[in-house]
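Student: Residue numbers (the working numbering), protein chains in the order written: chain X, 1 to 387; chain A, 1 to 124.
Just so you know, not all the hints are guaranteed correct.
As the list claims (entries may be wrong) - Covered, in the sense of this in silico footprint (three residues per stretch, anywhere, with C-beta under 8 Å from a C-beta of chain A), are these stretches of chain X:
id : region
1  : 65-77
2  : 225-232
3  : 349-361
Hints were generated in silico from the structure; no laboratory data involved. Backbone N, C-alpha and C fix where the C-beta goes; we use that ideal spot for every residue, glycine too.
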Amino acid sequence: MTFFLIASLIKILAVFTVIMVGVALLTLAERRICAWMQDRLGPNRVGPQGLLQPAADGLKNIFKEETYPAQADKTLFVLAPAVSFIPALLTFAVIPFAAPLPTPWGQVSMVVADLPVGFLYILAISSLGVYGIVLAGWSSNNKYALLGGLRASAQMISYEIAMGMSTVAVLLLAGNVTLSQIIARQQDSLWFVLPLGLAFFIFIVAAFAETNRLPFDLPEAEGELIAGYHTEYSAMKFSMFYIAEYSNMVTASALMVTLFFGGWDIPFTNWDTTGPAEVLKTLATLAVFGFKTICFLFLYIWVRWTLPRFRYDQLMALGWKVMLPLALVYLTILATAIWILHTRLGWAYEARFAWALAGLNAGLAVVLFWFLDRGRLVSGSVETGSA
Amino acid sequence: MLQPYIPVLLLILFVAANAVMMIVVSHYAAPRRPTPLKDAPYESGMPPLGSARERFSVKFYLVAMLFIVFDIETVFLFPWGTIFFGDAGAGPGMGFLLVEMLVFMVILAVGYVYVWKRRALEWD
Numbered sequence: 001m002t003f004f005l006i007a008s009l010i011k012i013l014a015v016f017t018v019i020m021v022g023v024a025l026l027t028l029a030e031r032r033i034c035a036w037m038q039d040r041l042g043p044n045r046v047g048p049q050g051l052l053q054p055a056a057d058g059l060k061n062i063f064k065e066e067t068y069p070a071q072a073d074k075t076l077f078v079l080a081p082a083v084s085f086i087p088a089l090l091t092f093a094v095i096p097f098a099a100p101l102p103t104p105w106g107q108v109s110m111v112v113a114d115l116p117v118g119f120l121y122i123l124a125i126s127s128l129g130v131y132g133i134v135l136a137g138w139s140s141n142n143k144y145a146l147l148g149g150l151r152a153s154a155q156m157i158s159y160e161i162a163m164g165m166s167t168v169a170v171l172l173l174a175g176n177v178t179l180s181q182i183i184a185r186q187q188d189s190l191w192f193v194l195p196l197g198l199a200f201f202i203f204i205v206a207a208f209a210e211t212n213r214l215p216f217d218l219p220e221a222e223g224e225l226i227a228g229y230h231t232e233y234s235a236m237k238f239s240m241f242y243i244a245e246y247s248n249m250v251t252a253s254a255l256m257v258t259l260f261f262g263g264w265d266i267p268f269t270n271w272d273t274t275g276p277a278e279v280l281k282t283l284a285t286l287a288v289f290g291f292k293t294i295c296f297l298f299l300y301i302w303v304r305w306t307l308p309r310f311r312y313d314q315l316m317a318l319g320w321k322v323m324l325p326l327a328l329v330y331l332t333i334l335a336t337a338i339w340i341l342h343t344r345l346g347w348a349y350e351a352r353f354a355w356a357l358a359g360l361n362a363g364l365a366v367v368l369f370w371f372l373d374r375g376r377l378v379s380g381s382v383e384t385g386s387a
Numbered sequence: 001m002l003q004p005y006i007p008v009l010l011l012i013l014f015v016a017a018n019a020v021m022m023i024v025v026s027h028y029a030a031p032r033r034p035t036p037l038k039d040a041p042y043e044s045g046m047p048p049l050g051s052a053r054e055r056f057s058v059k060f061y062l063v064a065m066l067f068i069v070f071d072i073e074t075v076f077l078f079p080w081g082t083i084f085f086g087d088a089g090a091g092p093g094m095g096f097l098l099v100e101m102l103v104f105m106v107i108l109a110v111g112y113v114y115v116w117k118r119r120a121l122e123w124d
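In isolation and in its complexed conformation, chain X is listed as follows (with noise of 0.2 Å):
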């Protein structure tokens, strides 16, 4: 027990200095690819190619006046950062990383708290940050901050749905909704991103629309609401809502990984899976689950740069109309799919099957892509009918 506890602050610590860190460098990193995206430097004076920027703007934010607007509420004012804070570091909290590292004492799984509630804890803990950010947007008594606190929590409680539909698909395939096991099962056979991929489809569009990214970032979109609910918030305050959304980044990435990429498992191999606990085994399952998240870290942040933000109209169109009939005739489709392999064919779960899940999958983006190409669901800026 002792043990136990000493290993999980260590672990604790480690966790959060890591997200800490990372979201440091993440918001270097955004600055400097978007430069790069955009024919321009970008911060490369503190330090080396600008690596202490992130520990200059952490200490300007410090030593920053803030400003209380006149009328806010101020309980709920200074309440409201901490309130989105909070949930948002905790979410990586059952996250496994890596393969378990052997000690003297015993062996160390490589997960904060392996729950037995597995990801419902992260659905449940990150939609509580909606709360931060409607306490935002109310306390500053200022109206684009309140209008930019309601389109959040429209827009996050509208793909929480469409996201906990396509959990439901990795959740008939895995049969548990521990991660741990769901990353075992994972590393039997394919990786969730073949059998499941229009799961996979659904939850990185509802990821990016949880985390108010582009191009859904309606809650803080400059043009029209200058900067939405954190509009009157200035120094560590709107640092900490900043530290937030982009820790919310880094666990949805983590999850994607996690649900759809294996986790930690190393490709091609049996190594990492097989045999007896080793230091070098931890090591090298840490380095992969970090290379894979920050794939999806490069791809957030390459999409911001690249695709144009949705309207208002246009985004809850496509939440309610588009992903969540898709999500739940896709869990139809499936659920019907693996009653007939499993029961009339006899096939228990393996590669086979999980290949011929695959196909389907195929099949039903070609169909899906083609029925949303058609320019009246989702039309975009295109002209229709005028031409």
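Once you've looked at the hints, dock chain A against the given chain X.
Tutor: Positioned in the frame of chain X, the structure of chain A alone reads:
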């Protein structure tokens, strides 16, 4: 039994302490020289007109209500998903569970079509 939840509890305390520390440290470290203009709500430099405590669109309430309905449907699917393939339809068998789910989906679809036809999903 509840042992896995202990680290979560520790993490909550740790993160909450950090959040409080950030707010308190910056409160004492930062200067504070308010002026009436500085404290006015920011409306792109214009003097603010009226209060922000205005009425807002009822659409937001509608979306919240629809969310509760459909999210509860999602929650109902989780226990079903656990036993459908994972336990190979433990007890009633996969065929029964599949039919059960299809009936559930049909009822859900009727409600969804009703909501769509009543134009509750439109934003203009």
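Student: Does each hint fit the structure? Answer for all of them.
Tutor: To see whether the hints hold, each was checked on the structure:
Under the rule that three or more residues need a Cβ within less than 8 Å of chain A, the assignment of the region 65-77 of chain X holds, with 7 such residues. Under the rule that three or more residues need a Cβ within less than 8 Å of chain A, the assignment of the region 225-232 of chain X holds, with 3 such residues. A stretch counts as covered by a chain when three or more of its residues have a beta carbon under 8 Å from one of that chain; for the region 349-361 of chain X and chain A the count is 1, and the coverage is violated.
Comparing the model with each numbered hint stated earlier shows that hint 3 is the single one that does not hold.
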